[in-house]
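The primary structure of each chain is shown beneath.
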Amino acid sequence: MAQVRVTVDGVNYADDVEPRTLLVHYLRERLGKTGTLVGCDTSNCGACTVHLNGQSVKSCSVLAVQADGAEVTTIEGIACDGKLHPVQEAFNEKHALQCGYCTPGMIMQAIDLLGDNPDPDEQEVREGIEGNLCRCTGYQNIVRAVQSAAQKMKPGSPAQTDTPVSVAGGGN
Amino acid sequence: MTTTADPTTLEFGKARTRKEDARLITGRTKFTDAINLHGMLHLHVVRSPLAHATITGVDKTAAEASPGVIGVYTAADLGVEGVGLPCAWPITPDMKSPQRPLLAHTTVHFAGEGVAVVLARSAAEARDAADLVEVDYEPLEPVLNMEDALKEGATLVHPDLGTNENATWVFDSGAAGTGSSIDEAISAAEADADSIVLKRRFIQQRLIPAFMEPRACVVDPTGEQITVWAATQVPHILRTMTTVTLGVPESKLRVIAPDVGGGFGGKIGVLPEEMLCVALAQKTGKPIKWNETRSESLLAAHHGRDQIQDITITAKRDGTVTGLDVHLLADMGAYLGLVGPGVPILGAFMFNSIYKFPALKFTCTNVFTTKTLTDAYRGAGRPEATFAIERIMDELAVELGIEPMELRKKNWITHEEFPFTTVVGLTYDSGNYEQATAQAMEAFDYAGLRREQEERRASGDKVQLGIGISTFTEMCGLAPSRVLGSLSYGAGGWEAASIRMLATGKVEVITGASAHGQGHETAFSQIVADQLGVPFEDVEVLHGDTQISPKGLDTYGSRSLVVGGIAIVKAAEKVVAKAKKIAAHLLEASEDDIEFSGGTFTVKGTDKGKAIQEIAFAAFMAHDYPEDMEPNLDADAVYDPENFSYPHGTHLAAVEIDTETGRVNLRKYVCVDDIGTVVNPLIVEGQVHGGLAQGIAQALFEEANYDDQGTLVNGTFVDYTLPSAADLPSFDTSTVSTPATSNPLGVKGVGEAGTIASTPAIVNSVIDALRHLGVTNVEMPCTSQRVWRAIQEAKGNTTQETPIDTHSPGAGLGSIDPNNPQGEVQ
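Order-wise, the sequence lines are chains A and B.
The first sequence begins at 1 in full-length UniProt numbering and counts up by one.
The second sequence begins at 1 in full-length UniProt numbering and counts up by one.
One chain only, chain B, in its complex shape (with noise of 0.2 Å):
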């Protein structure tokens, strides 16, 4: 029976102001940095300069005799030297993996790695000690372009490895029956005068995800269990994975993450810190906190996207696409993150997009460099493949002389053919493309800014206007178990909930998905409101504490409402049904008989019931029950989803570009998502907000620059240039719903819709806006510079490009400008 409340208040689709705000607005809520316990010991880690060098000697004399410090500690004098952070995701059999070490012992492999650490009675002290530290370096070659990385007798970044390449993932639509061969189809092609062959290659620059919290963890070993305080998305993975990685039996930790400062993906690690806290609180007894600056930060946590990709389209001269050969490099980074490996696969499914492709391959080779180690980032996977194919799509709109829409129009699944089976073997259960895209076209004027597009172009003016358009899809909700089992993925995609009906008719809500200012607390209030009947306000939703939530794999790939929300709906159900079965009892009457809406159980054609909260106190006290049950309404429930979900959405933006400076102003961007049946839809409006602003971030001013000894040079927020306020206009959103077939509320997830759809359509406006002007590429970020490089080459002008290591003037940790050392005036 479904346990809707009295349609004027329901819950569902309201615009909740968010429960989560008054602690934050206040200043009250205290993230991890604000633990303190006493005793605590500051850990500080000392890195290395160099990306790639051997280890020679290391001096603690001067930092042990430094204020303060307590120990300074090598890995050897940790007796770590054997340990190895996990990854999880081991793509191939026969993939490649190095050890990723707590500290490196014998070399460095990316510029930033920790070396030893520094353990003092203030943070203050622990870092002024780190700087004595002297540690002797043989400098080795590094290791900094995939492709010269898999030559033969390149430097190796593992030498014991043999090989730099870490693994190499394929997906044959033609081999695995899910579509026909595309060698035959770009044969076939080839061969005949009415079909294109297309080749184009992308780059996906290195990306930071920069959230606003730098990482920290406390560590207290004092009581019976260890209990870790840390800045992570996903506590229960971090448990899990501290047994997996030091042997502390999994039922003595306990993993809390309070709030937490953001995190895209780039908190999902495990991290070294993380590990040699515990180790050091086990050493000296006592709670022991890390907490990085965002140099560290920037240096040393995982970076996203960094991928080459050879993207070759196979279409008739009438615009029907044919196939689409997918060729990427994947960096890596020195090591393999908790799931980094995968990354590059989470897109292999996404590059057909909302296409009728009839052939599909995809080859992903992953490659060791000596940067950073990349990993999640928001959308993982997924904005790499719907970048490849919206910037193709307009290249093949382009050589075939057809409109960019109507092109895609020609292409993508029609309303009335959903389900439909995609030539990767993924069933999208329903969307609208065309519903979402008349409505992004409506409101954009599509039709009003081609036609000021024509006259600028005709005028000449210096002020060029581009267009540009992301069709998109995405697979959200990672994920169905089995489906992560057939790729080999270490974990399962379910999610737990349980809920706890209090005595005085309160309800306690417990869900493994921990938030980090998505807003789970506020729309897991409504949904278990409506469920249950019970107020918004009496609904307390309680996460991030294995303690309190001992089950759960946490928030990541837009899965917290899509898989979390469902389970806490089937937590819900079963609540209802005991309850149902005492109100019958109190009631005398069959449980055939009893009616649940609104919060109250009444009997069928009477005026006879019992609330909720009635029935919960009925239990509690336990005087009077069915002999049958246990006196307890609570429940629990574990969801595994059955198929993905896939939002979609049209996403149109317009850019104004000065020709003679090269500077690009988003000067409208107008999107229309379809994610499903909206729970809240203040929040959706504040995650697409969010998400439009790190893709836009992509496609206009972000990009992690390593010089040619593998430093990386953005190592501060001087010079890692995330938007400001000043950098973004007003984006006009809105959603349309095709409700989600495959779950009981009809949602999607919207997490990372935002940031996958808005880089193509970016991208695609600049070189819009360009294109008749003889520009064919423009590499992000599209910097004032590069447009106006682009802009010169293509009128045969010599242009050259400021080195990426010239930082700016009093950029960096010494205020030292590199090229003007001696500050001379210029």
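Here chain A stands alone, though its shape is the one from the complex (with noise of 0.2 Å):
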């Protein structure tokens, strides 16, 4: 057993892990963390997206002890006081899913891009969410959605500044 401290959607925990757990197992079913969800075994699909240390990783390829000492996002932690985040909002509002399944790691995926090009143009959105696949929308609503929640996140716009902007980071 290996010990991992970890900051999770703001709370601290310290646990017993086995070595070979994965950070999507850990947050699932250590923590119930159940929001973070599992696709594919070959790191394709993106549904299990979270942040870690304010970049986008798919949890799936990160072990969990990799991510002791660190401050883990995930789509349960990015509402604030019950306010949505804004990319939540657009993909309810553009109508960016259907089965919802490939939802929480394609709007984790959407907040980094945000973060690295705060207003991508279409092409720019595609190639930024390549690695989240989703089955039900033909992405075409959800390019719409990452580029709606860019306006709102503009400094400076009505909705910008009562969120909350730690998980945007992202970046290089």
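Since the hints were made in silico from the structure, they are not lab data.
These figures come from a predicted structure and were not determined experimentally.
Careful, some of the hints might be misleading.
Okay, the calculated beta carbon distance ranges per label pair [claimed, not checked]:
no.	chain 1	residue 1	chain 2	residue 2	range
1	A	Tyr13	B	Asp131	27 to 33 Å
2	A	Gln151	B	Ser784	49 to 55 Å
3	A	Gly32	B	Glu793	47 to 53 Å
4	A	Tyr13	B	Gln792	22 to 28 Å
5	B	Glu793	A	Gln123	29 to 35 Å
6	B	Gln792	A	Asp68	51 to 57 Å
7	A	Tyr13	B	Thr802	44 to 50 Å
Just so you know, even glycine gets a beta-carbon here, dropped at the ideal spot from N, CA and C.
Please dock the two separately framed chains into a single complex, following the hints provided.
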């Protein structure tokens, strides 16, 4: 067993885990963070995308022990005081989800993308979410939602002022 | 009396954002894999790596000694050797049906078939132990090619059946009396210098539905009823079929489909794993969970399509079509799925599409192979039919030197001719092909793109432009029960609904159509809000739990709105009729003098009235109500449609092909769909987008390949290439509406339209781009390699196809490139 100390969605945890435990399984099975989903075995689908120290990662490709000392944000931690993150709002407004299975990972990746590129054009959005698969939407409304959220999150926009920005970090 | 609210506040047609989203965008909801119960045990399946083999021994010793393992079981250990999974569609009286076991016990028939199961305290321990189960196999010859499988002396998948032919199903318009004889049409065309007989072979490759949520179930035997949570499209059918399969009384089963992460037909099955979980829950008395890996899903969840289509069309030289002869071979895989043998038959009535063929014959032979079984995948039979007819209409246009859209116009049913009874005996109630086509051609700039195409051809541009057409129709709304009966389908096609008026004025709507992403909660709320004149927010739609929604036939075949939605309307009409009686009583008026509008019952010519919520409360209090009725507004309805619905549309694609590399770039996609009346344009647009992506994926990206040993070589998302956002453009989608006359809402269904229509539009555009170079066909998926090879071969150059079992380096579970096992640098 190995020990992992990690902050997830603002709460500190210390747990003994099997060294082989993947971060996604730790989140789901130990912490009950079942909003983060598993869709494949090969890091292709991105359903498990979370933020590790402000950067998006596929949590199936990270060992829980690699997150030791880190801050993890999941889909369950981005709404603030009951107010949805602008990307969450935009996904609803633009009908960017159907079955909803890719949605948590897609939203987390979109937030990361907007952290790197606050005003992406269509092609930049498409390339920025290329690692997240969706089988329902054909992506068109996801692209719309990400671009709409970008406008909302622009400095000075009404939506931006009361929005948590810490999770939108990302970036090089 | 119609029960419409004030027209200015109608919900119908409003682009409501979805009610369902709040729990999905926050990660709050629980998909099946998040159901965890105390004492729960985890099941993992030991699967055969071989396609066809005799099982000569199973050594469980090491697995049983593995940490956390409760037990390792074969079919014999569980006493289920005699149990077979159901096929509900015996398409012919003499159809050959093999037993489809829960676990293979003497012979495995496809790679991925379960041989044993491990039960352990954790999922990880179950998977670890599964690797330790030693199964000895004596390999048998795999059966992979449908045409070879039908030859004399072929290796038999199921020797006890004496043949690899499952069934042959024929529809002949001459014999049926719905049209004339195809044999006569072909003879006449052959004898007539002014006619043409054209034959083409098309291949529908094997596809994988690839829903994003892997299949899963949890079975809890600890209550009076056994509760099954399952990632399924069909909780009601699963309940009934669990009884049929295992003998558990239906009344002792509760099936819950919580939020389900997509289905596309891929989750309509009754699974061996589900039945094993029930059997093991009964055996151990503990809750059992099964959750498949993606590789298991790609390997063992049912596949779709996989047909060889031999099509003969006859026509006059002026373009008038005179006959269509369809011969299909359809790969069933190793066993029959729940409706697998009937999937090609669902296409039988759609090959004539929107065209006025006088003669049509359809002959389909279903074939067993040692591959994963096939069953419904979005469109189920209709994409195959639409592909064949739209492809051969283009081929005919080329042969006759007629512009492809003009050829279609010459043959389609005109607006004035509806209702129109087709050569297969279906009556299309409404449609307007001229309108959808005109609108699509304008939005597409058809003439402009044709000019550009001419210019590029003339200048020998290395990037050539292709334009593809698909003017499609489909039959939706499965289905009139009598029609299903005539096709020997093992169920009806009705749908059930209930409406409960709560004491506080809120409304519960119960539907038997269980959603898995379609947005039923939103669309059905809109319908009920209008019918009852209550706020959208006050309507709660309940579904997907057989104890809450006890009656239903679930969601597939674009049926939820056109069947389930109408059942809701019928239930609402009953609620209003009951409320009207109570309103008349309370308002001391004759029932004939009561009017209902916008949620209020008023006495004609007075300002006296009561809101439906007040009536609901009065019924709850029951202090004062008419003597000849119960104090209750609730109502149930079961709706059985009289006809299918027939959405149609015109889809146009423009592709640019780099003739030096073969790369296909989808530049523009325009579609105008006539799906009748639209309840929620936002949801409709989403359904069309997603449908297009799947149809385009068949044309350009996806194929399930087997190697010569019968092993699936695309067993991960590395190799089975779903399109990503970067692979697709934005689509230009819109709708026109000729309301269906077969139902009171005028709706037609939209769930499958995009998938059915788009595949031939894309392939027609690819071939259109290359035809002047001598290319006559490119098989799907039209990958860069295939397109490049087609161009080279048209030039007379020889090419070599990369073997289909060439894995991507690093792909697969072992991360070993089998073509370079030592990992040498090449």
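Hints, verified against the model:
For Tyr13/A and Asp131/B, the Cβ-Cβ distance of about 31 Å falls inside the hinted range of 27 to 33 Å, so the restraint holds. Remark: the range hint 49 to 55 Å for Gln151/A to Ser784/B is contradicted by a beta-carbon distance near 36 Å. Between Gly32/A and Glu793/B, the C-beta spacing of about 58 Å breaks the proposed range 47 to 53 Å. Separation of Tyr13/A from Gln792/B is about 59 Å and departs from the stated range, judged on CB atoms against 22 to 28 Å.
Taken as a hint, the range 29 to 35 Å holds for the pair Glu793/B and Gln123/A, whose Cβ atoms sit roughly 34 Å apart. Between Gln792/B and Asp68/A, the C-beta spacing of about 55 Å keeps the proposed range 51 to 57 Å intact. A beta carbon spacing of about 48 Å between Tyr13/A and Thr802/B agrees with the range 44 to 50 Å that was offered as a hint.
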